[in-house]
Amino acid sequence: MVDRIISLITNATLDKDDRVIVAALKLLKNDCNLEELEGNYFAQLVSMIPLVKEQSIKALLIETIVESPEFVSDDTILDEYVKLISEGATNVQEATRCLGAFTASGSTNNQIFIQLANKLNHKFAVEILVSMV
Numbered sequence: 184m185v186d187r188i189i190s191l192i193t194n195a196t197l198d199k200d201d202r203v204i205v206a207a208l209k210l211l212k213n214d215c216n217l218e219e220l221e222g223n224y225f226a227q228l229v230s231m232i233p234l235v236k237e238q239s240i241k242a243l244l245i246e247t248i249v250e251s252p253e254f255v256s257d258d259t260i261l262d263e264y265v266k267l268i269s270e271g272a273t274n275v276q277e278a279t280r281c282l283g284a285f286t287a288s289g290s291t292n293n294q295i296f297i298q299l300a301n302k303l304n305h306k307f308a309v310e311i312l313v314s315m316v
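Residue numbers for the sequence shown, in my numbering: 184 to 316.
Hints were generated in silico from the structure; no laboratory data involved. It cannot be assumed that every hint is accurate.
In silico DSS-like cross-links for lysine-lysine, where the CA-CA straight-line distance does not exceed 27 Å [as the list claims (entries may be wrong)]: (1) Lys199 / Lys209; (2) Lys266 / Lys236; (3) Lys209 / Lys266; (4) Lys266 / Lys199; (5) Lys236 / Lys199.
Computed beta-carbon distance windows for the label pairs [stated by the list, open to error]: (6) Asn223 / Lys306: 38 to 44 Å; (7) Ser230 / Asp201: 15 to 21 Å; (8) Thr259 / Gly283: 15 to 21 Å.
Positions of the beta carbon are idealized from the N, C-alpha and C atoms, including for glycine.
With these hints in hand, go ahead and build the complete structure from the sequences.
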């Protein structure tokens with residue numbers, strides 16, 4: 184099933200069909216076993232990050248990638264994700280879930296705190312940090 188969803192996401196990205204990308208990413212993230220997201224499938228998703236222009240879709244793509252067991256901490260992706268949070272591309276609940284996955288993959292709480300403190304308004308940063316505890 185993961186292979187079909189990845190193919191659907193790839194084709195929708197090339198066709199710039201945002202509705203299909205969002206639906207497929209949500210299906211992959213919420214209804215599939217992300218342990219199946221490995222090797223080429225994982226690499227395909229990571230390679231799509233620069234291709235996606237819509238901020239909320241890029242945030243959803245990063246959230247899906249980071250929650251995969253294949254993901255290993257990556258400062259560039261963390262920087263991009265915090266930038267997307269600061270632009271309102273995701274909500275507190277999803278940001279908390281994703282930042283928790285960053286922590287599980289090797290990012291430190293200190294790295295995340297510094298990123299949030301530097302790029303977000305303080306009220307929003309505190310809301311996310313409190314939700315992470």
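Quick rundown of the hints versus the structure:
Simply put, Lys199 and Lys209 have alpha-carbon atoms about 17 Å apart, close enough for the 27 Å limit, and the pair holds. Our distance criterion of 27 Å between C-alpha atoms is met by Lys266 and Lys236, whose separation comes to about 14 Å. For the hint linking Lys209 to Lys266, the alpha-carbon distance of about 21 Å falls within 27 Å, and the restraint holds. The hinted pair formed by Lys266 and Lys199 meets the criterion: a straight-line CA distance of about 22 Å does not exceed 27 Å.
Taking the CA atoms of Lys236 and Lys199, the gap is near 9 Å; set against the 27 Å cutoff, the hint holds. Restraint check, Asn223 to Lys306: a C-beta distance of roughly 41 Å satisfies the suggested window 38 to 44 Å. Distance hint check for Ser230 and Asp201: the Cβ-Cβ separation is about 18 Å, which falls inside the suggested range of 15 to 21 Å. A hinted range of 15 to 21 Å holds for the C-beta pair Thr259 and Gly283, which are about 19 Å apart.
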